[in-house]
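So the sequences go chain by chain: A, B, C and D.
According to the working numbering, the residues represented by the first sequence are 1 to 132, in order.
According to the working numbering, the residues represented by the second sequence are 1 to 132, in order.
According to the working numbering, the residues represented by the third sequence are 1 to 132, in order.
According to the working numbering, the residues represented by the fourth sequence are 1 to 132, in order.
No lab work stands behind these hints, which were simulated from the structure alone.
Errors might be hidden in some of the hints.
As the list claims (entries may be wrong) - Here are the simulated DSSO-like pairs of lysine-lysine, each with C-alpha atoms no more than 27 Å apart in a straight line:
#1 C:104 / B:81
#2 D:115 / D:104
#3 D:72 / B:72
#4 C:115 / B:82
This one's a predicted model, so the numbers in the text were calculated from it and none came from an experiment.
4 protein chains.
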Amino acid sequence: MVHQTTILVRTYECDGYGHVNNANFLHYLEVARHEYLKAIGFDYAACMKSGYGLYVTRVEIDYKRPAVLDDKLDVESMAIKKGVVSGILDQVIRLDGEVVARAKVTWAFVDAAGKPTRIPDRWNVPGLRPDS
Amino acid sequence: MVHQTTILVRTYECDGYGHVNNANFLHYLEVARHEYLKAIGFDYAACMKSGYGLYVTRVEIDYKRPAVLDDKLDVESMAIKKGVVSGILDQVIRLDGEVVARAKVTWAFVDAAGKPTRIPDRWNVPGLRPDS
Amino acid sequence: MVHQTTILVRTYECDGYGHVNNANFLHYLEVARHEYLKAIGFDYAACMKSGYGLYVTRVEIDYKRPAVLDDKLDVESMAIKKGVVSGILDQVIRLDGEVVARAKVTWAFVDAAGKPTRIPDRWNVPGLRPDS
Amino acid sequence: MVHQTTILVRTYECDGYGHVNNANFLHYLEVARHEYLKAIGFDYAACMKSGYGLYVTRVEIDYKRPAVLDDKLDVESMAIKKGVVSGILDQVIRLDGEVVARAKVTWAFVDAAGKPTRIPDRWNVPGLRPDS
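Just chain A, with the same shape it has in the complex (with noise of 0.2 Å):
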């Protein structure tokens, strides 16, 4: 399964050059994972609330052509990578179909402590396998 979405470049977020600063797209796949976790029913908020976390523990970007305003992004979201513990997302940003930039994203799920453990049944959900 591939998750879609679609962010539309806001007015702060151009620096001096015009462009997207690069930070900005950590937020754009912040947003997206946030829609997919929503799509494939887990419920982020009552997760915290019952002590548990999903930390992002390793980012890996490439920046591939600059965003400017206004710019309308298609966000894709794909699980490409799923343990007892942690998994790795493939996330996308598009401007009309050409690549902006491209992350994978490694996710750990946590207790209380922030240490990483097993995922209870009830937030190990199969949207978050790569075969959903």
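Using the hints provided, position chains B, C and D relative to the given structure of chain A.
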């Protein structure tokens, strides 16, 4: 008492004009208030943990001149009014003495439900008052 | 004319309380103003390229209630005053009809040197006026 | 040469967990690179004005432990690779010596069209090289 702190303008805080984006001035004011609270012995983190909070309820800000990358801004914070559940701070951002922005920030002390409430003695430190 | 736009609260816009940070409301207002300008036929990017600018010179904002993750906020923008070089917008942020925040935003039309200047006909579009 | 700078975690940089949001680490790395460039005599603003630019083309970042409000972070930046049009920096964020995050940041020198280009002598300062 006038509390003073210094903030160096960062790359990503500047927009397409090369100027600090308006919203970032609110960040600067927040940084300065946090330092001000520390200086007067108000432990913000402990306050939150004890179930209370300090909310901003109103901001009036006048932007007088732009700030740009690497500007070393001085931010002054001074209590100008103090009531039973709220107060007002005057905050001025300067560059080499010239006013860049000036704000009046109204705050309210709130309980766990977010309702304004009389400030318990522990948090009612003298530095919140104009005459301190 | 009341211009309306919708903004979905994002994960990273929320602070330690779980509430949208104050400065982010200024971002929301900026997003809404940008959409408002597009709607009235004011081309902001072209305006900047032609050497002019539209600066915010003053913001008064009242925070009425917190916004949280996934809130779908409605932002209304309405011109309430228009002078030769400047004007005032009333902007209201609502959640399900209830006011979350309300702001008066004063803007000035400026030349390449950043000085307020009479708005050239090309940019003096009717939608900037209260009676439009 | 290892360049060092210090960054104090700000209130609005922390999320619902009380932790610095992931994207803000990219901001910290950007602040540190800007200071590093100043330290090696690379005038970034002048570089932009002359029609060139320094783009980040890839970031690999590992998040090792959370940072929280008021943490005083040390950021080290060190050139580890230098080619004709690009290079790689190793950047480490520490708290009291412990690694909070570690990143490899690839940059490219670009012309006015945003295309990677051989670095002119004026900008090809020794400090960009690993052996400096």
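These are the hints, each one checked on the structure:
1. Using a Cα cut-off of 27 Å, the hinted pair residue 104 of chain C and residue 81 of chain B holds, with the two alpha carbons roughly 23 Å apart.
2. Between residue 115 of chain D and residue 104 of chain D the alpha-carbon distance is near 21 Å, which keeps this suggested pair within the 27 Å criterion.
3. As the CA atoms of residue 72 of chain D and residue 72 of chain B are separated by approximately 19 Å, the hinted pair is consistent with the 27 Å bound.
4. Proximity of residue 115 of chain C to residue 82 of chain B is assessed by CA-CA distance (about 37 Å); at most 27 Å being required, the pair is judged violated.
Going through the hint list in order, the structure does not satisfy hint 4, though it satisfies all others.
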